[in-house]
Amino acid sequence: MADAPCVIGRGITIKGNLSGAEQLVIEGAVEGHISLKNHLTIKETGRITADITTHSLMVHGQVSGNIEANDLVSLSSEASVVADIKAPRVVLEDGARFKGRIEMDVELPPGV
Amino acid sequence: MATARTPTPSSPDGATIIGESVHIRGQLNGGEDLHVLGRVEGRVDLERTLVVAQSGIVKAEVSVKNAIISGVVVGNIHATESVELTREGRMVGDIYSPRIIIVDGASFRGNVDMGDIANMPARKPSAERPRPAPAARPAPPPQARPTLTAKPGAKPAAPAPAAKAPEKAPDKAPEKAPEKAEQPRPASVTPLEPPAAKGLPQKAQKTRVIVKRK
Numbered sequence: 163m164a165d166a167p168c169v170i171g172r173g174i175t176i177k178g179n180l181s182g183a184e185q186l187v188i189e190g191a192v193e194g195h196i197s198l199k200n201h202l203t204i205k206e207t208g209r210i211t212a213d214i215t216t217h218s219l220m221v222h223g224q225v226s227g228n229i230e231a232n233d234l235v236s237l238s239s240e241a242s243v244v245a246d247i248k249a250p251r252v253v254l255e256d257g258a259r260f261k262g263r264i265e266m267d268v269e270l271p272p273g274v
Numbered sequence: 004m005a006t007a008r009t010p011t012p013s014s015p016d017g018a019t020i021i022g023e024s025v026h027i028r029g030q031l032n033g034g035e036d037l038h039v040l041g042r043v044e045g046r047v048d049l050e051r052t053l054v055v056a057q058s059g060i061v062k063a064e065v066s067v068k069n070a071i072i073s074g075v076v077v078g079n080i081h082a083t084e085s086v087e088l089t090r091e092g093r094m095v096g097d098i099y100s101p102r103i104i105i106v107d108g109a110s111f112r113g114n115v116d117m118g119d120i121a122n123m124p125a126r127k128p129s130a131e132r133p134r135p136a137p138a139a140r141p142a143p144p145p146q147a148r149p150t151l152t153a154k155p156g157a158k159p160a161a162p163a164p165a166a167k168a169p170e171k172a173p174d175k176a177p178e179k180a181p182e183k184a185e186q187p188r189p190a191s192v193t194p195l196e197p198p199a200a201k202g203l204p205q206k207a208q209k210t211r212v213i214v215k216r217k
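Line by line, the protein sequences give chains L and D.
163 is the number of the first residue of the first sequence in the working numbering; add one for each residue after it.
4 is the number of the first residue of the second sequence in the working numbering; add one for each residue after it.
Here chain D stands alone, though its shape is the one from the complex:
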């Protein structure tokens, strides 16, 4: 087997890849993404994302930020952000993560703990998945800004709160006048950013690579 590095469609730049013919037993720590196409047994501690490819087998206690599983995992996963079992994913073990996605076709046996679900804030649609997995739904396109089709004679989108500035009778309660200074700023128009713009682990961001060799 000369091809230890099978190029995968999801193969990222700057991630460690454990090739199909590689079998690791022991402890694996790291600060970068890890793609497992081969086999890992023991313990995996990552500061970033673990991707278990379809051919990958992980039999370990896993502690990561994100996990995307298309292969086989036997063991428990603790993720600080999210765990996704894709269509091909198979897993036996417990998952501890605030965000867990199981796609139809995946198989799973174990406990799921998302923490305090009663007080969990409602779903944040803007929250990005760690990486668009092959089977992932495409992110909804940023909504088209309502085009300002100004009717003839219509006011050019006056900022509603400012337009309603409290007009007080000058003779009445003059001591309240200073409040006017606190009225909402007339639409300091910060354009809405498309949801994808924040929170997404951008490729462009500084890549911190910590490779620990022993």
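For reference, chain L alone in the conformation it holds in the complex:
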């Protein structure tokens, strides 16, 4: 696999479905669906209005839509996200703005 991930530049707007198996960095705008079998990074300039299915996700920009990941979803301190997130690991950094539902597996002790 190429070392440099595929980049959707900040001047690009995509409407429709986006799918792939490669690492992807989005600096522009995407509306529709994103389906990725690899790591997705949404940069500070990225604006996503889409349902996202991915292996893992790092958000620095804006996302609205539902997010489902097989591994880690991380919202950085610059992120602004309105979404329902379903992933085994979700990280909300200090400063991240988020509204929605987070679904991780929670193991509770017996009797709680």
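The set of hints was computed from the structure by calculation and includes no laboratory data.
Among the hints, a few may not be true.
[What the hints assert, rightly or not] Derived lysine to any residue pairs resembling SDA-like cross-links, with alpha carbons at most 25 Å apart:
| # | chain 1 | residue 1 | chain 2 | residue 2 |
| --- | --- | --- | --- | --- |
| 1 | L | Lys261 | D | Ile120 |
| 2 | L | Lys205 | D | Gly118 |
| 3 | L | Lys261 | D | Tyr99 |
| 4 | L | Lys248 | D | Asp97 |
[Stated by the list, open to error] What follows is a set of in silico ranges between Cβ atoms, one per label pair, in the way DEER data are often shown:
| # | chain 1 | residue 1 | chain 2 | residue 2 | range |
| --- | --- | --- | --- | --- | --- |
| 5 | L | Thr175 | D | Arg90 | 34 to 40 Å |
| 6 | D | Gln30 | L | Leu234 | 37 to 43 Å |
| 7 | D | Asp97 | L | His195 | 26 to 32 Å |
All residues carry an ideal CB built from backbone N, CA and C; glycine is no exception.
Model the placement of chain D on the given structure of chain L, informed by the hints.
Okay, now just chain D, sitting in the frame of chain L:
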């Protein structure tokens, strides 16, 4: 179990500690920090910080200023300032707080509501967390002041705005002269305080302890 008070690394001065073997069911109100190492069921209303230690279990509607969760919480949390789920924290319920931190390793299921996030001001790096939790990142050290390495002959850091004082031709528009009085004060140098200096609930501040006994 004789050790109701297990000393924890984060054990503060002046906070109430609910020991590991203690189980409270009912309503808990208070004006000081509360550390839960045992179990609390019902309702918790605090004016300050709730700390749920790794061994702690809180099954309650919680209303606090700050919450730091390293144990288990089942129920909704309303916090006026912040909620932090540390690496060991597990929670099922909804969180209503302007500032929410979920650290990798924590597990959570529920809704998150930070209020009006569209109009939320940008992150304030100076805002302090209620208490450096064990897993917390260390606060960035106050930036070293740029040392004034004055070059030979260089002016000693003249205040830029004052140096640019509007020099008007005396014959032209004399009525505007009074404006000069309003020019920026020549660098009334209030030294920048390190971010930690304000907003931090200092240990030194007056401790108000309200213990309500019934």
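>> Can you confirm whether the C-alpha distance between L:Lys261 and D:Tyr99 stays at or below 25 Å?
In response: With Cα atoms ~10 Å apart, L:Lys261 and D:Tyr99 stay inside 25 Å; holds.
> Do D:Gln30 and L:Leu234 keep their Cβ atoms within the hinted range of 37 to 43 Å?
Replying inline: Cβ of D:Gln30 to Cβ of L:Leu234: about 38 Å, so the range 37 to 43 Å holds.
> Should the hint that L:Thr175 and D:Arg90 are 34 to 40 Å apart at their CB atoms be regarded as holding?
Replying inline: Once the Cβ atoms are compared, 39 Å apart, the range 34 to 40 Å for D:Arg90 and L:Thr175 holds.
>> With the threshold set at 25 Å, check whether the alpha-carbon distance from L:Lys261 to D:Ile120 stays at or below it.
In response: holds (7 Å)
>> Given the hinted pair L:Lys248 and D:Asp97, is their Cα-Cα distance within 25 Å?
In response: Given pair L:Lys248, D:Asp97 holds - Cα atoms ~15 Å apart, limit 25 Å.
>> 26 to 32 Å was suggested as the range; check whether the CB atoms of D:Asp97 and L:His195 agree with it.
In response: holds (28 Å)
> Quick one, are L:Lys205 and D:Gly118 close enough, alpha carbons at most 25 Å?
Replying inline: Holds, at roughly 24 Å.
When the structure is compared with the earlier hints, no violation turns up for any of them.
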